[in-house]
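K.L.:
Dock chain Z against chain W, hints included.
For reference, the chains in residue letters:
2 protein chains.
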Amino acid sequence: MNAAPLSKVFCIPAPLTLDSGQVLEGGEIGYETYGTLAADASNAVLVCHALTGDQYLASPHPITGKPGWWERMVGPGKPIDTNRHFVICANVIGSCMGSTGPVSIAPDGAPYAMRFPVITIRDMVRGLVALLDGMGIARLHAVVGGSMGGMQALSLAANWPERAARVLVIASTARHSAQNIAFHEVGRQAIMADPAWAGGDYYALDAKPDNGLAVARMAAHITYLSEAGLTEKFGRRLQDREAKGFGFDAEFQVESYLRYQGSGFTRRFDANSYLYITRAMDYYDIAEEHGGKLADAFAGTSARFCLVSFDTDWLYPTAESRHIVHALNAAGAKVSFVELSAPHGHDSFLLPHDQLDRVVKGFVE
Amino acid sequence: MNAAPLSKVFCIPAPLTLDSGQVLEGGEIGYETYGTLAADASNAVLVCHALTGDQYLASPHPITGKPGWWERMVGPGKPIDTNRHFVICANVIGSCMGSTGPVSIAPDGAPYAMRFPVITIRDMVRGLVALLDGMGIARLHAVVGGSMGGMQALSLAANWPERAARVLVIASTARHSAQNIAFHEVGRQAIMADPAWAGGDYYALDAKPDNGLAVARMAAHITYLSEAGLTEKFGRRLQDREAKGFGFDAEFQVESYLRYQGSGFTRRFDANSYLYITRAMDYYDIAEEHGGKLADAFAGTSARFCLVSFDTDWLYPTAESRHIVHALNAAGAKVSFVELSAPHGHDSFLLPHDQLDRVVKGFVE
Chain W
1 MNAAPLSKVF CIPAPLTLDS GQVLEGGEIG YETYGTLAAD ASNAVLVCHA
51 LTGDQYLASP HPITGKPGWW ERMVGPGKPI DTNRHFVICA NVIGSCMGST
101 GPVSIAPDGA PYAMRFPVIT IRDMVRGLVA LLDGMGIARL HAVVGGSMGG
151 MQALSLAANW PERAARVLVI ASTARHSAQN IAFHEVGRQA IMADPAWAGG
201 DYYALDAKPD NGLAVARMAA HITYLSEAGL TEKFGRRLQD REAKGFGFDA
251 EFQVESYLRY QGSGFTRRFD ANSYLYITRA MDYYDIAEEH GGKLADAFAG
301 TSARFCLVSF DTDWLYPTAE SRHIVHALNA AGAKVSFVEL SAPHGHDSFL
351 LPHDQLDRVV KGFVE
Chain Z
1 MNAAPLSKVF CIPAPLTLDS GQVLEGGEIG YETYGTLAAD ASNAVLVCHA
51 LTGDQYLASP HPITGKPGWW ERMVGPGKPI DTNRHFVICA NVIGSCMGST
101 GPVSIAPDGA PYAMRFPVIT IRDMVRGLVA LLDGMGIARL HAVVGGSMGG
151 MQALSLAANW PERAARVLVI ASTARHSAQN IAFHEVGRQA IMADPAWAGG
201 DYYALDAKPD NGLAVARMAA HITYLSEAGL TEKFGRRLQD REAKGFGFDA
251 EFQVESYLRY QGSGFTRRFD ANSYLYITRA MDYYDIAEEH GGKLADAFAG
301 TSARFCLVSF DTDWLYPTAE SRHIVHALNA AGAKVSFVEL SAPHGHDSFL
351 LPHDQLDRVV KGFVE
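Just so you know, the sequences run in chain order W and Z. Position one of the first sequence corresponds to residue 1 (the UniProt record's numbering), numbered consecutively onward. Position one of the second sequence corresponds to residue 1 (the UniProt record's numbering), numbered consecutively onward.
What the hints contain is simulated information worked out from the structure, not anything from laboratory work. Any given hint might turn out to be false.
DSS-like mimics (lysine-lysine), calculated; alpha carbons at most 25 Å apart, straight line [unchecked claim]:
1) W:K66 - W:K8
2) Z:K293 - W:K244
3) W:K208 - Z:K208
4) Z:K233 - Z:K66
5) Z:K78 - Z:K8
6) Z:K233 - W:K293
7) Z:K78 - Z:K361
8) Z:K293 - W:K233
9) Z:K66 - Z:K208
10) W:K66 - W:K208
11) W:K334 - W:K361
12) Z:K78 - Z:K66
13) W:K293 - Z:K244
14) W:K293 - W:K334
15) Z:K334 - Z:K361
Derived DEER-like restraints, expressed as beta-carbon distance ranges [claimed, not checked]:
16) W:G247 - Z:G247: 37 to 45 Å
17) W:E232 - Z:G291: 22 to 30 Å
18) W:A204 - Z:R322: 53 to 61 Å
Keep in mind the model is a prediction, meaning the values are calculated, not measured. Every residue gets a Cβ at the ideal spot worked out from N, C-alpha and C, and that includes glycine.
This is chain W alone, in the form it adopts within the complex:
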């Protein structure tokens, strides 16, 4: 995990009052843009990233060198067409890719670490709204997000209803379930059980809580995939061997894959950020923010909504999207909904899927 990589940085001009009541001063937002903003600022599309995502939407990741996480979807002539739209993707606050988070230096000159205020999804969106204000964008052509990105899109629509004309929410939910919280708690406990975590004050130490963070990532990664997808991809096949070795190496391909996912993740992500962002997701419950009734969160909205779910997604299953659709219907909003068939579970929103491309293109253009 390196320090903040090169990216555009927006300094939030005013202190940000958070849901906790704490105030974040001098916050920064790392972001990338693609395409050109129209003179009347009417062509902006904000894409919100998922838990471990970042602003490198359609350009190479500065640490891994890999292509942007949605290169397939965003670019000239692509479903979100940068010949027509000005596309913005910003690192959420609390993360570690250039936006203010636990790894950032606090006013006293030391990293915030666990002194960073606990944030919510709505706080992340507060940062994004400040960025839009700074860019002179009063109303987005569209806000788009999958998974935690979808939470941000919904939070923007519920709390700043005038800021987006179109809201596209993919493989997401209106509130984190007990099972969602449980999986996140396992990940947090894995990190905090790692002695190298050192109460979060590991930035000046030689060792980082990589073991704990890798275990957290492995547990989470299973929830991103479907049972059928794992069976198709790995089954019970052995890794680089003909017969069982009767030991504790990664004998099965699925073990080797998970270990690779875990260790790779530690090179690009900060363990404290993982704690803060999972916590924000656990607190997320849009209905609760609006008196307990989800429809009330969207009362009077003029935005058009599109919800997309995947039939094998068991992390945020179709029922969660349908719940949102019912609330939007009750609120009298314009909403379309499609459940797509895909074998790969929750991760399907990041993988090639022609039907998803068509849905995104049709809704955003």
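P.N.:
Below, chain Z without anything else, positioned relative to chain W:
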């Protein structure tokens, strides 16, 4: 985790040749019995326990003091009626409640720890068959098991077909799936990432890998429950507080519950045993043992089979039981199958369920 508690102990008279090719000498089996063996030894019922279970089936656990794990099911006048049947429950080899496992002392006077041979489900059953031999039980009236207990019951039926007249398999599977392996691998990595694990040689040290073992248990525990069951039991309710605390304590009830499950587990279970038993389950694939076709594993069997699944069990879903039923049908075996409705996921086999009681009573009597 204490040393082996008081229990009946059977010394396996002959060396046990394991699937790995290694030989276990001087193996012991901790076991409990309930009821009286008939003079012709025709009334024996073997109940096989799950991953973290033990022989304390219908009598208090010596460490926790809690009632036996299936007290409801086994006893005078209960579905498995000890007025009629002689019920045996034995700790599997590799475990830590009196049967030989990593915590046991090897011939050189030190604990086996990770020098214990890697075992399989079939190896566990080899130990059980030796116990039955020692008791003079040629043919069981029935073998019964849930989850990993069901794996042992199926393995007995497939590999020692003359040893059981009735085979009752609850919430189980004929092979561990990629997703099953993946969850186990997360648990193992959590244990092995704990510095207190010390390569498995922690028995003489002050600290045990309790943090890693607790994380492993937490991750596994989520898979034992259903999403709906977690929502019903905990939802998003906060623990001992009126409002969100914006911190990293166990704020949600589900977090508190999971932490309790994790820490409680470390008081009664050995981390190395957890590694060995999960590994045995991962290797489990009855078809693979019999040339790749599951029906061949049961060719010519004269036993009656009963398969039970639960509709909310996503660890070993109904499709796994149905797969076994199809194979038994193809093998011409007598088989009945029922999917029961229960809100609590995989754990349902351990929880009160009148229909399950009736199925067990009807099949075993």
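K.L.:
Can you name, in rising order, the numbers of the hints this structure does not satisfy?
P.N.:
Those not satisfied: there are none.
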